[in-house]
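**Q** Guided by the hints, dock chain F onto chain V, whose structure is given.
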Amino acid sequence: MSAWKDPFNADHRLGACSCGEHHSQAEHDAASATASAAPSADLSADADTEAMTRRTLESAVMRAIFPDDNQRRKFLRAVGSGTALAAVSSLFPFSALEAMAQEKGPLEKKDLKIGFIPITCSSPIVMADPLGFYKAQGLNVQVVKTASWALIRDKVMNKEYDASHMLAPMPLAISLGVGSNPQPINVATIQNTNGQAITLSVRHKDKRDPKMWKGFKFAVPFDYSMHNFLLRYYVAEHGLDPDKDIQIRVVPPPEMVANLRAGNIDGFLGPDPFNQRAVFEEVGFIHILSKEIWDGHPCCAFGVPAEFVKQNPNTFAALYRSVLTASKMARDPKNRPIMAEVLSPAAYLNQPKTVLEQVLTGRFADGLGQVQNVPDRADFDPVPWYSMSVWILTQMKRWGYIKGDVQYKDVAERVFLLTDAKKRMAEVGLTPPKESYKKFKVLGKEFDPMKPEAYVESFAIKRS
Amino acid sequence: MKPEFLKSTLLSLAIFCRFIGIWQLATMPKESAAPQTPAGMSAEYAALMGLTAPKQSGFPPPAEVGRAFVKFLSDPFYDRGPNDKGIGIQLGHSLGRVGLGFLLAAIVAIPLGFAIGMSPLIYRALDPFIQVLKPISPLAWMPLALYTIKDSGISGIFVIFICSLWPMLINTAFGVAGVRREWLNVARTLEVRPLRKALTVILPAAAPTILTGARISMGIAWLVIVAAEMLVGGTGIGYFVWNEWNNLALPNVIFAIVIIGVVGMVLDRFFATLQKFVTYAE
Chain V
1 MSAWKDPFNA
11 DHRLGACSCG
21 EHHSQAEHDA
31 ASATASAAPS
41 ADLSADADTE
51 AMTRRTLESA
61 VMRAIFPDDN
71 QRRKFLRAVG
81 SGTALAAVSS
91 LFPFSALEAM
101 AQEKGPLEKK
111 DLKIGFIPIT
121 CSSPIVMADP
131 LGFYKAQGLN
141 VQVVKTASWA
151 LIRDKVMNKE
161 YDASHMLAPM
171 PLAISLGVGS
181 NPQPINVATI
191 QNTNGQAITL
201 SVRHKDKRDP
211 KMWKGFKFAV
221 PFDYSMHNFL
231 LRYYVAEHGL
241 DPDKDIQIRV
251 VPPPEMVANL
261 RAGNIDGFLG
271 PDPFNQRAVF
281 EEVGFIHILS
291 KEIWDGHPCC
301 AFGVPAEFVK
311 QNPNTFAALY
321 RSVLTASKMA
331 RDPKNRPIMA
341 EVLSPAAYLN
351 QPKTVLEQVL
361 TGRFADGLGQ
371 VQNVPDRADF
381 DPVPWYSMSV
391 WILTQMKRWG
401 YIKGDVQYKD
411 VAERVFLLTD
421 AKKRMAEVGL
431 TPPKESYKKF
441 KVLGKEFDPM
451 KPEAYVESFA
461 IKRS
Chain F
1 MKPEFLKSTL
11 LSLAIFCRFI
21 GIWQLATMPK
31 ESAAPQTPAG
41 MSAEYAALMG
51 LTAPKQSGFP
61 PPAEVGRAFV
71 KFLSDPFYDR
81 GPNDKGIGIQ
91 LGHSLGRVGL
101 GFLLAAIVAI
111 PLGFAIGMSP
121 LIYRALDPFI
131 QVLKPISPLA
141 WMPLALYTIK
151 DSGISGIFVI
161 FICSLWPMLI
171 NTAFGVAGVR
181 REWLNVARTL
191 EVRPLRKALT
201 VILPAAAPTI
211 LTGARISMGI
221 AWLVIVAAEM
231 LVGGTGIGYF
241 VWNEWNNLAL
251 PNVIFAIVII
261 GVVGMVLDRF
271 FATLQKFVTY
281 AE
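Those protein sequence lines, which keep their order, are chains V and F. As numbered in the working numbering, the first sequence has no gaps in its residue numbers, which increase by one up to the final residue, 464. As numbered in the working numbering, the second sequence has no gaps in its residue numbers, which increase by one up to the final residue, 282.
One thing to keep in mind: the hints can contain errors.
[Claimed, not checked] Here are some of the chain F residues that sit facing chain V, going by a computed Cβ distance under 10 Å:
id : residue
1  : I20
2  : L146
3  : E191
4  : M230
[Said to hold, decoys possible] Here are the simulated SDA-like pairs of lysine to any residue, each with C-alpha atoms no more than 25 Å apart in a straight line:
id : chain 1 : residue 1 : chain 2 : residue 2
5  : V       : K159      : F       : P143
6  : V       : K159      : F       : K150
7  : V       : K353      : F       : A46
8  : V       : K159      : F       : A140
9  : V       : K159      : F       : I149
10 : V       : K113      : F       : E244
11 : F       : K150      : V       : N158
12 : V       : K110      : F       : F69
13 : F       : K150      : V       : K353
14 : V       : K113      : F       : A46
15 : F       : K150      : V       : N181
16 : V       : K205      : F       : A46
17 : V       : K353      : F       : F5
18 : V       : K328      : V       : E427
19 : F       : K150      : V       : N312
20 : V       : K159      : F       : L139
21 : V       : K113      : F       : G86
Hints are computed from structural coordinates only; laboratory data are not their basis. For glycine and all other residues, C-beta sits at the position ideal for the given N, C-alpha and C.
Same shape as in the complex, but just chain V (with noise of 0.2 Å):
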């Protein structure tokens, strides 16, 4: 097949199938059902495997960065090829994905269906499409935009998703049977690490305390997420009791900010690009990043149905690689403004590519009239740590949405597959840790993983 065209060519034209060659998919797999009837010299030859992978990579490197491709040519024209695969060679780890593409084995499933929400979180599962990470690990996966976390949840327990990013509470509800019919749901990784903010409406500016928030309407993104227990653990920090002294609904994060412009709410701890678009619409600020509540704290996970890890192994593996991959790539800062131009159009996040600019890089205006300089603003690291886990657990019990005792170790390491992340952490470069649990601090106070149910006692401020 002469269909793998350099993408460093000026004179060839990248198309929108997985070779570059056709118009759409379909036109390309009926292409090849051809091709493949009729014996190709060219796929015969072993030797060319490996000069198309790496082709099929670049392609799908060259298509993400230049959706239009006039201008994929015209920058091509103006500095040359050579330049221009060395800067983007610099970008993309072109021989590391090529590695991990030779060594396959047999996959029990190729097509996927992996639901996202547009969120910033989402990140690493999603740019792993428009930057041919599946591919790479010869999967076909589908990421489908879905429109509120409880339709994600059912989602994935009708399996109409194979996998799916979820807020890091959610696999623990569903496994606990907390919200939902039990079903066993496993923490794959971590998705992303801080990268959340509470933002209040421009109305209250001069409400910076938070015990002055009586009375106030926040929304989270839903009851079993990381934004509900670090915005209750917040102001109960503060003195207030957040199920009587403030208001907390469930609001899906794409509906707060005309939730916010239209005054239905006060606030929210939500998670961004939502933040930062309610900076830019000019109804909201930035009261604090959620790194100041507790730095590194996780947010959304990789879920996947305990079933689906059972039965398809290998492409289980594949997966966990393709979605590590998308995670290193997105740890390093300087990938940053790239992943902002592939995440921005509207089969993705759909959002103005400053707000995600500002939101990934962490230089941002924070509507009051500053710049802040925050790197670490949004981080990807995709550790699931037994201890995350843990002091979820201690939340939910704190709350009252679990009852009795809780077997908070046993949980966690059911449901977080940390054995599994070191494993693939280690196939795809990323260095694992050597512990399992470590001690971390919330607002100050220290969260020591091995006394969660003194943890849960120590606070003056609860319902069990």
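**A** Below, chain F alone, put in the same frame as chain V:
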């Protein structure tokens, strides 16, 4: 062309122009000068807030919406993966769902309506159920449907089905029950078999009423599909509205609203024509 028709068309056009004019006036930018950095604000802050480039905030003017029309209608069938499709494809998905749900409802409602209309006993027995089920908002069925059917696509169709069912059922029963006694008596005198009686006497007599029910059902189905797709997502015109709302892109939302209205009108006209076709003069 009749002068009456001409007059009403002219009046419609005048109302439309007036409406656009008021809209334009109401959304006119306050100062026409190029955007500039407000005093006392650093240039970078202004750039990050999007103040240096023309930014759409507040209600969009007609020209902006016009641009959205041109943009979407010039390429209605593009397909960029599962989350970004052209308006033609989205409409196709919505119409497919509505058509399927509506067809299923017709298959159930018309025979059942016949049974209810022909037998006062069945009518009285089923009446309480119909009265309770009829006023339930179709969207209230959604969580239940998702939970039991375990498939969001089918759930959407189910919701269309359940909301199209009642007007058709009630109208069919009403139409069948209202067939003139004399005609039925003539059929009885001629010893026409029940099936033939239903098809050649009752059906033509009740057809206008049945189609009125179908027309109402279709109107409701088209109302519901938008809300259902906003909830379930994936494809369809409702998903399109939701996706553009995400981006707070009001021109695109207005575009979708107009398209929804136009398609709804076309569907209604279609049933009105059908109705004319089966209407008879006594």
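**Q** Indicate, hint by hint, whether the structure satisfies it.
**A** Results of checking the hints against the structure:
1. I20: violated, 25 Å
2. L146: holds, 5 Å
3. E191: Violated: closest Cβ of chain V sits about 55 Å from E191 of chain F, beyond 10 Å.
4. M230: holds, 7 Å
5. V:K159 - F:P143: holds, 16 Å
6. V:K159 - F:K150: Holds: K159 of chain V and K150 of chain F sit about 8 Å apart, inside 25 Å.
7. V:K353 - F:A46: holds, 15 Å
8. V:K159 - F:A140: holds, 23 Å
9. V:K159 - F:I149: holds, 12 Å
10. V:K113 - F:E244: holds, 23 Å
11. F:K150 - V:N158: holds, 5 Å
12. V:K110 - F:F69: violated, 39 Å
13. F:K150 - V:K353: violated, 37 Å
14. V:K113 - F:A46: Violated. K113 of chain V to A46 of chain F sits at ~41 Å, over the 25 Å cutoff.
15. F:K150 - V:N181: holds, 13 Å
16. V:K205 - F:A46: holds, 19 Å
17. V:K353 - F:F5: Violated, at about 50 Å.
18. V:K328 - V:E427: holds, 12 Å
19. F:K150 - V:N312: Answer holds: K150 of chain F to N312 of chain V is near 22 Å, not above 25 Å.
20. V:K159 - F:L139: Holds, because 22 Å separates the two Cα atoms, which is no more than 25 Å.
21. V:K113 - F:G86: holds, 21 Å
Violation of the numbered hints given earlier is confined to hints 1, 3, 12, 13, 14, 17; the remaining hints are satisfied by the structure.
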